[in-house]
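With chain A's structure known, arrange chain B with the ligand on it following the hints.
Residues per chain, in single letters:
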Amino acid sequence: MLLDAYKKMFLIRIAEEQLADYYLKNKIMSLVHFYVGQEAIAVGVCDALHKNDRVMGNHRSHGHYLAKGGDLKKMVCELFGKECGSSHGKGGSMHMIDTSVNFIGSTPILSSAVPLSCGSALEQKYHKSDMITVVFLGDGAFEEGGVYESLNLSTLFKLPLLIVLENNLRSIDTRLWERRSSAHDTKKIVTGFGVQYVKADGNDYLDVVGKVRKLIPEVREGKPALIECMTYRHMAHSGPTFEEETREEDTIEQRKENDSVLKIRQKILDSGITEEEVIAVENNIKKTVTNAIVFAKRAPFPKKESLYTDLYV
Amino acid sequence: MSNRIITYTEAIKEATDQIMDVDHNVVVMGLEVSYKNGADGTTAGLKKKYPHRIIETPQSENAVTGMAVGAAITGLHPIVHHGRVEFALFAADQIFTQAAKWNYMFGGGHPVPVVFRINIGRQWGQGPQHTQALYSLFGNALGIKVVIPSTPSMAKGLLISAVRDKNPVVILEPRWLFSLKQNVSIESYDKPLDKAVVVNEGADVTIVAYGDGLIAAHEALELIGDDVGVDLIDLVSINPIDYETVYKSVKKTGRIITIDTTNHAFSVGSDIISNVAQQKLLHLKNIPISISCPDVPVPTSTILTESYYPTKVDIANTVLRQLGKPTIKHDLTFEEIHTSPNYIIK
Ligand SMILES: Cc1ncc(C[n+]2csc(CCOP(=O)(O)OP(=O)(O)O)c2C)c(N)n1
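Going down the list, the protein sequences come from chains A and B.
Going by this note's numbering, the first residue of the first sequence is number 1, and it counts up by one from there.
Going by this note's numbering, the first residue of the second sequence is number 1, and it counts up by one from there.
So here's chain B without its partners, still in its complex pose:
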């Protein structure tokens, strides 16, 4: 079983290739999927290998998504790619009202095996209409499964599971993570769509995060050091949320911090904290803390985005404060704040 280091986008491409190889009903459609660099690399080279199954589409998100849902109902396994969540909103009816409700409204037995790959969130210079992190919209909609891969290896395994699933699955891919690298198995493998993963074990505080927030938390661990034990949970799925894993951790630590890289209202973090608060046996030792972004859209100027997203320093200090330890001072470089991570993650 061999591994090698690949990027987040390469992992998506590899998963797509491997699943297309075994399942001949898988087709990929969207903008730029046929390009040499295929949709930011996520479908690079696949047009050559599967000329009729990589379908370049016009700018018609609503109809294209509906076509995919219709094809899923009748026997194909389409993967639809939307380069930004804002573009997918043109297809909101097809995702939330058609695909998501189809099986339920016909009383079961009517699978809709479609995968929506939607790029989401933070990217420099993109401003208010290209960086919305509308996670909670997808977490709130009933009838779709929604996962957020936070690392290359999760990106690969979750996509393979999503295509095998008989339900509509939304994969929200944070653009911020596209250059992140990891040692990923070359073989085809899957990861459960509905299970959170404890990626770091510790006894003092639980951090629940996903996407770019999870990566920032990872970086924070180095700043915190070994004095404090952090149970870091990669939430993986926001629809449904794996509360069993969250509660188990909080039972052990008695402290919880959630991280959203979007505003707090109706956020994933606020929902988790609300549910934790309703659990009698968790015996919290401190108030739960939600780390999130300010209640304003993401502006374009770097000077304004400088303080927009929670950094590893913010996260580390929140952890230290929870345990009554002295906070740290650490200056971040322009690159650390404004450019996406491209290192190798464990």
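Isolated chain A, as found in the complex:
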């Protein structure tokens, strides 16, 4: 079980690291936001879901997409602007989608996915489905008015909606305390709308998956919930590199000490699986990622005419 979770988290970590490396060395013209550091949240949440539950994401959604089971090759192809990308090169990194696994889309316009996910949940309720919709958003996006309007809608219409608030303390480089008064209380705001609120350690897979599992039965009944997961973003806001001096509440020491991927790896070793076995698993995943990148590199670009397709269905 834990090993399965580790595989998913390691896949996200290594895919992001290899892609970051590739971005630094090559001219890849698609704006990227890497997910490194936050893996426990995407995997913890998605592991608690039914495969028919739906997920929506934001500008930093490689991890959400992969955790839901999105196709790795299609993702890398999309980043490289190739025809076999999940959006055939039209979207790029900020527009992840794989409807075959119910990852129904992501948008970089902050908070816009929240009302959209209300709509998905409304559809689920309307058609008496037992499935729920999950939307990921950051602490920055949580300051948009549309979020509060959606919180109200979600309880008013009893929507099967789970909002996952990934609090990495930063919106680009602006820290939480620069954007909110010291009296700001997320829990009170959320529960004030009648939405359930739970806080989790976003650097701990078991904490996230456990708390989401506990929440979900009620969400399925139409009691919307928000889980706030505290975490750290390891890379820059956009692209891999940044100045370490800008970090205060999330220094490299803190990030390392709280690294969810390392934590779960240690747990696996403690459970009796040998280091060699873990390394073999890791090497396999690394190979899968390398292969995906090689595949994407060689894959054909879209035909020029496809610029004109898809405006309408």
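Among the hints, a few may not be true.
[What the hints assert, rightly or not] Label pairs and their computed distance ranges (CB to CB):
| # | chain 1 | residue 1 | chain 2 | residue 2 | range |
| --- | --- | --- | --- | --- | --- |
| 1 | A | Ser100 | B | Lys285 | 56 to 62 angstroms |
| 2 | A | Asn26 | B | Asp21 | 41 to 47 angstroms |
| 3 | B | Thr97 | A | Asp185 | 29 to 35 angstroms |
| 4 | B | Ile186 | A | Gln18 | 44 to 50 angstroms |
| 5 | B | Lys36 | A | Asn291 | 38 to 44 angstroms |
| 6 | B | Gly70 | A | Lys158 | 32 to 38 angstroms |
| 7 | B | Asn342 | A | Asn52 | 49 to 55 angstroms |
[As the list claims (entries may be wrong)] Computed list of lysine-lysine pairs in DSS-like fashion (alpha-carbon distance at most 27 angstroms, straight line):
| # | chain 1 | residue 1 | chain 2 | residue 2 |
| --- | --- | --- | --- | --- |
| 8 | A | Lys125 | A | Lys51 |
| 9 | B | Lys329 | A | Lys304 |
| 10 | B | Lys47 | B | Lys166 |
| 11 | A | Lys304 | B | Lys346 |
| 12 | A | Lys27 | B | Lys312 |
| 13 | A | Lys303 | B | Lys312 |
| 14 | A | Lys303 | B | Lys329 |
| 15 | B | Lys166 | B | Lys252 |
| 16 | B | Lys181 | A | Lys27 |
Bear in mind the hints are in silico, worked out from the structure with no lab data behind them.
Note that this is a predicted model, so its numbers are computed, not measured.
From the three backbone atoms N, C-alpha and C, an ideal C-beta is built for every residue, glycine too.
Only chain B with the ligand this time, still in chain A's reference frame:
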């Protein structure tokens, strides 16, 4: 009076600094304005100099813009920065319905001296939701003044005029031009908000352009050579449009080409051509031509954006065709197509 070469973004920063220095009611608010590199450089260093007047805001475009409009009504001169036009759309009510109508709906005497600096348009790798060039939306809205600085020197002068104006002024700043350099006066100066500028004189054809389209037209002049005289007009304002300057030029040349770096429908170019067509005395010698982008959103993959925006070659050949001259063949490099201009413009 000394000049030196600075970038488009440095020109904006310098104008902001100079106007803040003399007008103590000017405050700047938005995302990233307090950063070391201040909103792509446009406010770099200003937080240090004006700690209480450079206001970093939460991601709350609607409320922040409304706060600026409210403060403008009551005595401040806010400059609001939106990093992309899509983010400003969250504040559409405050811009188009509140700020733009305030003075009119209360029968005059109710100024709203607010400046909205909105980054717009083309940038590599940004795709359909970060590169919309919604110029016509702003051109169509009554009650705001809307300018588009196409060069560093215009960026500086227009911002200073915008802050001095008593009306809501939208400055649409094409991101594509942020690295463009120019010899710009170090002194504070202003440029009229409602006057188009003839940046190149010629007798054969008029080109009306703005933003990155104007820069592409500039580059096209070199390809065209001296055989054909181009009257190149920097439109500057799209709300209102300075038709006097346009008509005067077309009267001389009898030919008009417009350039939009967005799709044609309801575009600035189509509006200008429509108005030119309704003028009896212009005696066109050829049909007016609108150069614009295809009727699809901007995709992300470079292979798809390769042919999206009009290039200097497209513009040069349109001019040559208007005069029945042979067109030219010129291959553009990947850099020329996909990366923004960072040279020194005259
Ligand atoms: C409406 C809107 N405003 C501004 C932006 C620019 N922007 C993109 S990501 C970002 C920071 C978002 O921070 P957060 O929501 O905490 O997510 P994180 O990047 O930390 O994952 C900003 C300001 C945007 N994409 N959309």
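Checked hints:
1. Ser100(A) with Lys285(B): 56 to 62 angstroms: Distance hint for Ser100(A), Lys285(B) holds at roughly 58 angstroms.
2. Asn26(A) with Asp21(B): 41 to 47 angstroms: holds, 45 angstroms
3. Thr97(B) with Asp185(A): 29 to 35 angstroms: At roughly 32 angstroms between Cβ atoms, Asp185(A) and Thr97(B) fall inside 29 to 35 angstroms, so the hint holds.
4. Ile186(B) with Gln18(A): 44 to 50 angstroms: holds, 48 angstroms
5. Lys36(B) with Asn291(A): 38 to 44 angstroms: holds, 40 angstroms
6. Gly70(B) with Lys158(A): 32 to 38 angstroms: This hint holds: roughly 36 angstroms between Cβ atoms.
7. Asn342(B) with Asn52(A): 49 to 55 angstroms: holds, 50 angstroms
8. Lys125(A) with Lys51(A): holds, 17 angstroms
9. Lys329(B) with Lys304(A): Satisfied, since the Cα-Cα distance of roughly 20 angstroms is no more than 27 angstroms.
10. Lys47(B) with Lys166(B): holds, 25 angstroms
11. Lys304(A) with Lys346(B): violated, 35 angstroms
12. Lys27(A) with Lys312(B): Status holds; Cα separation ~24 angstroms.
13. Lys303(A) with Lys312(B): holds, 24 angstroms
14. Lys303(A) with Lys329(B): holds, 23 angstroms
15. Lys166(B) with Lys252(B): violated, 36 angstroms
16. Lys181(B) with Lys27(A): holds, 24 angstroms
Hint check: violations occur at hints 11, 15; the rest are consistent with the structure.
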